[in-house]
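Residue numbers (my numbering), protein chains in the order written: chain A, 1 to 204; chain Y, 1001 to 1365.
What the hints contain is simulated information worked out from the structure, not anything from laboratory work.
C-beta: ideal position from N, C-alpha, C; glycine also.
Be aware that one or more of the hints could be misleading.
[Stated by the list, open to error] Computed Cβ-Cβ distance ranges for the label pairs, DEER-style:
hint	chain 1	residue 1	chain 2	residue 2	range
1	Y	A1297	A	S140	54 to 60 Å
2	A	T94	Y	L1275	28 to 34 Å
3	A	N185	Y	K1355	29 to 35 Å
4	A	A29	Y	F1331	45 to 51 Å
[To be verified] Straight-line distance between alpha carbons at most 25 Å, and here's what the computed DSS-like set of lysine-lysine pairs gives:
hint	chain 1	residue 1	chain 2	residue 2
5	A	K72	A	K194
6	Y	K1269	A	K18
7	A	K18	Y	K1348
8	Y	K1269	A	K194
9	A	K116	Y	K1284
10	Y	K1329	A	K194
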Amino acid sequence: MVRRAQSADLGWLWFTQKTGDCVALDRRAYPSVIYDGHPKPWPEWVCRGPNGGGHINASWPAIDVHVEGAPKSRYDVSWTCDFGLFLVAKRWLTQIEDLIDGESTFVGSLVVSGDKLDSWATIHGRLTPALSSREGRHVSCPNCGNTATVIHGGTFFADPAAVGRPLIVNWNGIFVREDIVAERNVTTPIGAFKPSLVRYEPGC
Amino acid sequence: MAFGQIDPSRLEGDDLRRWYMRSPADIDQERQQAAAQRYQDFFGKNGSIDPEPEFDGGFQVSGSDIDPSFDVPAPTYDIDPGLGIQAPTNDIDPGFTWVSAGPNRLRSVSTATELRVPTEGSDNSAPTLDRSNARALDRNMLVLASSRGGQATQSGTAPRPTAKPEPPQIGAMSPGYRTPATPPPPTFFSWMFGGPAPITNPEGDVVGYYDHQAGKAGMGLTAEYAQIAPLFQPAGFMDGLIENGGARLLGAITDGIEEAVENHHTWAKFLGGPLNQETYALRKTLHRGLHAILHPALKEAGLLNVGGKGGATVDWLKHFDDVPGSREKAFEVLRRVYREFDRAHGTKLLEHLEKVLSDSKPPEG
């Protein structure tokens, strides 16, 4: 287990999906609700906010998800078309698997027609520090604690709880501490943006 | 338009796409029609009459003016007052006159020189280009068998008249002077497309080069090309061009034009629009201009960036799930921008968007 670093100077490399290819939730596995005038599968791990919208419950531990098909094999990352659950190919996940502590970050399974996919996993963070943006804004859910960040301008972590964490998984993606990325030569997942460095900026 | 009958700047959408997607054969046919039209226009009502009836294989020559109708009078005014060169008050080249050397072409011959009388065994069935004295007035411009230097056009044996000094040849020896058979220096475009294409006359002689600079403009014609365009008229010079890389050249031009047109997904992909939707053809500049308006409009409406981290499709769809009505808000912005853009540019983006939306399944989630 990689321990938390004491230095606040270390930043994180931000990995998030670039690909537009997503996998649909298996409608047979979930109840549907009418959302914005259209039927929508509504899994148990989705929290309905006070505005009526839905997002992944930030208090939920590991998420196993039923999907209509496997993500495209050429990618290392993907997402569910509904609610944007982060999907990771295990071939890439092995590089950081030991950073998943089971307390703030979790991995789950993908299930297609009742069969678990061995090559893919879900990754999810519970009540992890939110990303901040200089000209953006936060929308926090009072029910589950999820914080959605609309990004405009530069990004950083303002929450002191982020300092030294080896791995942060939140609404905006996966953040791996830069020294770990350098040490392990963690590759950019296929289907993701080239990672950028995000730092902790106290007092912002 | 230098060549085509249709001005593509007036086209949009499918019409523009069709215009750009013409095959090289279509373009060639259109070009030949335009060339024939120009030829017809030039000769007017007499276009159907052979302008060179004497070129039937046995035309007569004499020591005097062989064709008074082609005698070009000397200018009596300043030919270019901006250059400060005084126009001669008499014929600038009194010892010479002009004779027809083919469709839409003239050559000068010395009236003081005894022209060769056809002899047995000689081939006078068609005038030939005397490239020994050809000179380029400008880059790639072709001058046919001019004898302004005094050499007899056909025989090459007559003495050069010495009584009269040769008038200055403006531009003839200027930098860049080349004979027609000298290929132009390589350019970026000739490097890309494989070098200039030689143009030959019916005898197979290289009389010039077509520089692939034409591909740069994506229009297939440049002023240089226009200068040699008469050569492409009925004599079949076009065949020579095709044989010497014209087809490749046409393909390159077509490719260049293709780059200038982009397919716009009217139902934006970041708004959940399918990748394989029917797209709307827009010129590159218009397409970029459209996005330059759309992206700030979405941002001003409190929505996300377009593209990049925080603005990818996953971010937009998560936002739509989390904020009810945000999808409709984004489409309102999209429709408003399309409406204003259509009004300003005459496009039909809004109409196309509604068609794509009606043809597709309603957006999920």
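Right, here's what the structure says about each hint:
1. Y/A1297 - A/S140: 54 to 60 Å: violated, 27 Å
2. A/T94 - Y/L1275: 28 to 34 Å: holds, 30 Å
3. A/N185 - Y/K1355: 29 to 35 Å: Check failed, 49 Å falls outside 29 to 35 Å.
4. A/A29 - Y/F1331: 45 to 51 Å: With a Cβ separation near 30 Å, A/A29 and Y/F1331 fall outside 45 to 51 Å, so the hint is violated.
5. A/K72 - A/K194: holds, 19 Å
6. Y/K1269 - A/K18: holds, 12 Å
7. A/K18 - Y/K1348: Violated - the C-alpha atoms of Y/K1348 and A/K18 are around 30 Å apart, more than 25 Å.
8. Y/K1269 - A/K194: Roughly 20 Å separates the two Cα atoms, so the pair holds.
9. A/K116 - Y/K1284: violated, 46 Å
10. Y/K1329 - A/K194: Violated: Y/K1329 and A/K194 sit about 30 Å apart, past 25 Å.
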